[in-house]
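Number of protein chains: 6
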Amino acid sequence: MNNKIFVKELKEHLNKEFISNFLVSQKELREGAKDFYIRLKLNDSTGSIPGNVWNNAKVISEKFEVGDVIQVKGVVISYKAQLQVTVNKVTKIPEEEYNLSDYLETTGKDINKLSEKLFNYVDGIKNSYLKQLLSKIFDDKEFFTIFAQAPAAKTWHHNYIGGLLEHTVAVASICEFSTHLYKVDKDLLITGALLHDIGKVLEYNIKPTIEFTAEGRLVGHIPLGDHIVSTKAAEIDNFPPDLLFKLRHLVLSHHGEYEKASARLPQTLEAIVLHHADNFDAQTVGVAQLVESVQSDDAKWTEYDKLNNRYYYIK
Amino acid sequence: MNNKIFVKELKEHLNKEFISNFLVSQKELREGAKDFYIRLKLNDSTGSIPGNVWNNAKVISEKFEVGDVIQVKGVVISYKAQLQVTVNKVTKIPEEEYNLSDYLETTGKDINKLSEKLFNYVDGIKNSYLKQLLSKIFDDKEFFTIFAQAPAAKTWHHNYIGGLLEHTVAVASICEFSTHLYKVDKDLLITGALLHDIGKVLEYNIKPTIEFTAEGRLVGHIPLGDHIVSTKAAEIDNFPPDLLFKLRHLVLSHHGEYEKASARLPQTLEAIVLHHADNFDAQTVGVAQLVESVQSDDAKWTEYDKLNNRYYYIK
Amino acid sequence: MNNKIFVKELKEHLNKEFISNFLVSQKELREGAKDFYIRLKLNDSTGSIPGNVWNNAKVISEKFEVGDVIQVKGVVISYKAQLQVTVNKVTKIPEEEYNLSDYLETTGKDINKLSEKLFNYVDGIKNSYLKQLLSKIFDDKEFFTIFAQAPAAKTWHHNYIGGLLEHTVAVASICEFSTHLYKVDKDLLITGALLHDIGKVLEYNIKPTIEFTAEGRLVGHIPLGDHIVSTKAAEIDNFPPDLLFKLRHLVLSHHGEYEKASARLPQTLEAIVLHHADNFDAQTVGVAQLVESVQSDDAKWTEYDKLNNRYYYIK
Amino acid sequence: MNNKIFVKELKEHLNKEFISNFLVSQKELREGAKDFYIRLKLNDSTGSIPGNVWNNAKVISEKFEVGDVIQVKGVVISYKAQLQVTVNKVTKIPEEEYNLSDYLETTGKDINKLSEKLFNYVDGIKNSYLKQLLSKIFDDKEFFTIFAQAPAAKTWHHNYIGGLLEHTVAVASICEFSTHLYKVDKDLLITGALLHDIGKVLEYNIKPTIEFTAEGRLVGHIPLGDHIVSTKAAEIDNFPPDLLFKLRHLVLSHHGEYEKASARLPQTLEAIVLHHADNFDAQTVGVAQLVESVQSDDAKWTEYDKLNNRYYYIK
Amino acid sequence: MNNKIFVKELKEHLNKEFISNFLVSQKELREGAKDFYIRLKLNDSTGSIPGNVWNNAKVISEKFEVGDVIQVKGVVISYKAQLQVTVNKVTKIPEEEYNLSDYLETTGKDINKLSEKLFNYVDGIKNSYLKQLLSKIFDDKEFFTIFAQAPAAKTWHHNYIGGLLEHTVAVASICEFSTHLYKVDKDLLITGALLHDIGKVLEYNIKPTIEFTAEGRLVGHIPLGDHIVSTKAAEIDNFPPDLLFKLRHLVLSHHGEYEKASARLPQTLEAIVLHHADNFDAQTVGVAQLVESVQSDDAKWTEYDKLNNRYYYIK
Amino acid sequence: MNNKIFVKELKEHLNKEFISNFLVSQKELREGAKDFYIRLKLNDSTGSIPGNVWNNAKVISEKFEVGDVIQVKGVVISYKAQLQVTVNKVTKIPEEEYNLSDYLETTGKDINKLSEKLFNYVDGIKNSYLKQLLSKIFDDKEFFTIFAQAPAAKTWHHNYIGGLLEHTVAVASICEFSTHLYKVDKDLLITGALLHDIGKVLEYNIKPTIEFTAEGRLVGHIPLGDHIVSTKAAEIDNFPPDLLFKLRHLVLSHHGEYEKASARLPQTLEAIVLHHADNFDAQTVGVAQLVESVQSDDAKWTEYDKLNNRYYYIK
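Residue numbers (this note's numbering), protein chains in the order written: chain A, 239 to 553; chain B, 239 to 553; chain C, 239 to 553; chain D, 239 to 553; chain E, 239 to 553; chain F, 239 to 553.
No lab work stands behind these hints: they were computed from the structure.
There could be a bad hint or two in this list.
Just a sample of chain A residues kept apart from chain B, beta carbon distances all over 10 Å, derived [to be verified]: (1) 243; (2) 300; (3) 548.
One-sided and incomplete, this derived list gives chain A residues near chain C with beta-carbon spacing under 8 Å [what the hints assert, rightly or not]: (4) 419; (5) 452; (6) 455.
Heads up, the beta-carbon is just placed ideally off N, CA and C, and yes, glycines get one too.
With the rest of the complex left out, here is chain A (with noise of 0.2 Å):
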């Protein structure tokens, strides 16, 4: 995959014919006025960008599928201020020439210093019981390389491969800085903040993009989470059932309010201050992502944020 152009980088090819391979996240045959043409939506690890096949349609469409990696011979215009491709020649990649994974959008930070980060936190709690169940938990290498590997979201913040671990050390950070400033039970906070969104490794499947699971949607990341603690926490000799009820109050909790979907409201110093962590690292990276995806120069202002009824100032 030498010399291949990732989306990051098409702005630079801007009207002129390009040559690269991308894997097909969306693919839809439609029938427009005079005769049919695809939409598609072709990803790799810095992103996403749609893309058109005007001619050929119906043929061109039987050769791949959505999931599929494709070479892509085409041109990048500029449409509504959004780039997207126009699509000459298509060439399906076998399975066995590439690897999948380097195909989904990936986060933007080494995924080895926070897996180190996050056993550093892991290290430095001091309650044994805490320390067993986190044990427990991250020191399975089959389960932690699927949790190095989730997403936090499926859109919005963290939507990425390796967004789940991202978003776990910095709240833990911000959760570690915070006790600097108040008096909360450190161990329990740091914990509960490790493992706040571990339901999310069953919420998502990421291939070939990232979606919910059935389980994802009837049950939720939080019952998912608190299950996975408890039963954890179930397999350790005599661990406090205090302990386990704050912890997985922590769990219960972190969204902060019903209408956001909490299955509790924060009833313990330690839940309110994991909520406002996590809050705080969603949104400001939610919106430094919005800030970030932000293509023209020009633009003094993002595109609007539906979600939060809202434009950003970009200077």
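Start from chain A and add chains B, C, D, E and F according to the hints.
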């Protein structure tokens, strides 16, 4: 306890002296402008009534505590259209001479008949996994004894011994009726109805009065119930994962809206039906209890229902 | 109309040419990039489907109007997972050759049986004033013909011919079932159930498609129904005023909350029950219709329900 | 009743003994720590004031009931910055010696002048149907007598005898002014203004204090008014149906939002104007009454307005 | 510009070719299935209309930009019940040959008369501090020129040249009328009415179309207005601090509710009146504009008002 | 004031007589059933406690007023699990013998150290305009003295002397920490943090207790702060307008939502961060204060938090 005058009967003794036994569920020594007095709440199986000790309060206050059963000699008076007892004499009853359960407010329905109905619903289930699950839970005698005594609430609807069983059977009956109207998975729906509030067994203490447990406040009956269902299902060989998700979904979504502390929104037809059946019974019984609590024969309206911002007309 | 291929059967003709008659419920001549085309909505008693006329659109557009029945020669195609018809030839059918009602979407239930059930409920009423009132309203043959055809909504639940009758009978049956659970005034409750949506008879036009009348939008079915009930009761000698207020209250409060356009909040036990019974049936049937509308056999989820912000799982 | 000291004048008698007659609008015998006392509310045409009988309460309590007019000998004191009366002696006045209406709180404006203004608006209507309708309603002497006495509320704005007339004329005047600013159907708008709260005639009892009728709570003034308008219009030959829908719409939508218990949302320009005119007068007079109720000369702020969550600055 | 055909007159030219000049307020080169086309928005003082260039789009697109005035040769067509222009020929008009202001949508009222009314209100102020303040602001010719051109909104009510002046005078007139009904400080109220939206002068750019300034979005017209008032008052000797707080309060609270972006809640009688007067005019004119924008003579209802969730009946 | 027994120490004197000095922050002469008594609130730097004078109340009441410091001889009792003082003797302390500030509740942190931290943040600013602005504001000794004493609230979080400084430094520290996580303009963000609540200096009076000023209620701390920032920036040559808008935006939007009385919604990344940092500290300290206020050693839960509808678990 023959000759006992029950709380519900006290209005027949208005302005007369009487003697009877009650459980003390609240007790507070207050400083009045001139002297101390005691403010009490007196309970038995038929309800509760406020009481006051005006004379010799400091001395009398030493004689008993909240949770004790006392013999009261006093007079029933009417104050602000509510009955209360002016307590003239108090004698503490030794613990070995009474059964605390006789003094807890209890459902007016027959607990044995309700239990029988519940087991009829269990017998009617055809899906073997769901049937095994229900048996695992309800055939545990020790558990069922607790379940059959549990209240369904601290305030509002079914807030008395046996309230959970009464509510569970009513919801199951509405769900069964609905299978004549709508195309639903009957086994799944009835199982969900029987288990939807199972976590309430852990949410409340009932002696001497109904109070939230720490677990009840920090975890809540919905995640507590979800955990019981998940853990018990995990003990059954080959319990179909998809069936488990759908069942957990019923438990997690039965409050219907996030604002009402639902952990999920109903996203299956069975979940829609269960939510409405639960709400139907809870709201109707809540209002029915309020209507029945009106003591005055002249009243055309109930007391103000602060939760729902209205009075109810009682003709 | 023997040999007619119904809308519900069209998926069996995917990608094949067919001939059948439909009612035109929408028609729009649009200017495409290169030429005009016609966008249609085609209806019959089993539902509706979109259609397009790509060729010779301006000429063909002159031949028929919204409300006409036309013979269509075309091909069923699948576009964005929805079926639609590419219309190749159109022939207008003369009005005298068809019955418009055969082309309106209609309840799948038997209207005669539903009517019978309704009159059984009327027969069961013991209170003579309420019985007279119901007779005055439902024994009027002309009125009942309109009532039995009326829809219960323009969109969402029961939005088809006979929908109002179907919904009315379902609500009455739930209310009747509830009389086994709660101490309510059965005659009042059943009368309220039968009359709660009576104003919908004036709220909609049904031909060629269900639309609000000016009266429906400016006055609304709740005040329209309240007026019918008041006016008819005024014709009955000595109708007890208090009974009338309680019955009007049922009609006025059945939406349950001001936010849902209820004219009153439910303030009697019967009003609580009626509101919940109405909501139970409306919401369940709304979701059931959405679940049944899914055309693809592979789909695990319905389309997004914008009104309630969720997808539904259909296994 | 010459020499009567009115409620509004009592602050001039602070800490002095006085004698005057008042209507008893509330009366409650309460048990204090040492003895019984009576809590009263005393009214006359200028307002109301709380009172207490500390001595010999049980005996005095037998002498009069709510709704009686009594002669009070007492002292005005200030308690928590509010005036109240310590009642030392009570004499019941025989019914034949007073006119109850003299003791009900009454508008400060001249009811005859307000009536004259109202009939001027009626005279100005050119549309013959609307004029007939208004005449049918307001030319009924018996009805108009009740209308001219009715309050516009139990609490908040215009909650006194004549309040409905005062409010109706104010809303009509604002609507008339608005016809200089906006292109509206003046006859329709003024008719709507004069009739918008007509149902309040049936919503309240006024003696001995303003209370909701059963009809008022169960049906409400909006449907009650809609019914009066519909019924009276039905008696006029050829009243145009569309005109009636638009007029009923004004009555039904004047609260503006469903959350404010409006039966419809304003959907004509006249309905928008009427809603805003109604709200303008109601809110302004509500605050003006609160500002005027401040008794202390030092106060810079009113009491807390719980309905609107704020204090008002009065300098 | 004699012979100019105005936007409002185009419906008289339906399906005919015409020639006229317009300002280009939007322009987008789009890629259709077969070829590029240009989507335009064309404005003049009477309104705006969409337009399309179907032929030779890439070449024509080079000839003019947004903000230019162009001569258009084209045909008026009706599409989805809305008028639009099929543009066949475009000629750019040199800047020196037109006055941009002639092409901006402008109030239908006479700006000179509105200005005269405004100064009459200023002349009527008796309080010398308030009068000085108003003079300082409105007697600044340069400022007043901008003020008299400013719109009162980007969308919804008064969103055209002169809209701010028109709205300001209307609000002042309603406030003045209200002084006949309520006991308010007239000078303070009228001054507040004249200054309440003064910050809008800085909130919008008007050329070539009304857009928010960065200042408008980041600071907003309420704090911008508060700052103008504070700064100007600071230049007047001995301006009473309390009077200034009350005046700033009028500016800061005129939106009435926090949810409507009000910086304060109205906490004086004058603030209550000003808020209602402002809302009255804004909402009524908003609906009136929507009603007047209906082009079809057959329509009985306006387009859907998404902001307020309703249609309006137009008879 | 050696030997003073502080409010926080009174629980060690339960049921014992003691002598100490306090500030009277509330005082009310009430009429009981048998005699008058005085209800007091007694304050010092460590908090406040209720008190009652039961004997000789009318005479004692003449001796002192709210705002005086008095020597109290009394007994600490426990009533409804809250401590209060039964006052037996009162001696007024002459004003010249005490410093009122010693009796106002004060931050538990060191004001000098907090000030030092604040000036360290100022020193760290590199942007010369922002640095000049901060110096202009905080280097004014007189202003800083007031700022360092100001509370951050009347109730809820940081409602004590020095609370504003403590909160400001905490918010700045969270903002600084966040610059390690997110790409923000550090100088702008830290300046915004230091100035976000600057208007609170004018919002409260602190003697004898924290109360809103008229300015505080009518204008509010957000517009007051915006005005300080704007006015001071105007005195700096060439302060870049865009920088000023962005800084004002931080002040105006820091409450985050209109419902929370924010004048703007956060529309820059720095505004998002500041809002979350502010909310994080305010909410956490609010709950921490509530947790610390629990006097009983047995309590497992705090008092009910009405603002947030919950209890907090305190282990």
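Against the structure, the hints:
The beta carbon of residue 243 of chain A sits about 41 Å from the closest Cβ of chain B, which is more than 10 Å, so the claim that it is off the interface holds. The Cβ of residue 300 of chain A sits about 33 Å from the closest Cβ of chain B, beyond the 10 Å cut-off, so the non-interface label holds. Every beta carbon of chain B lies more than 10 Å from that of residue 548 of chain A, the smallest distance being close to 23 Å; the non-interface claim holds. Taken as an interface hint, residue 419 of chain A does not check out: its beta carbon lies about 37 Å from the nearest beta carbon of chain C, beyond 8 Å.
Given the 8 Å rule on beta carbons, the hint for residue 452 of chain A holds: about 7 Å separates it from the nearest Cβ of chain C. The interface hint given for residue 455 of chain A is met, as the beta carbon of that residue sits about 7 Å from the closest beta carbon of chain C, less than 8 Å.
Checked against the numbered hints above, the structure violates only hint 4.
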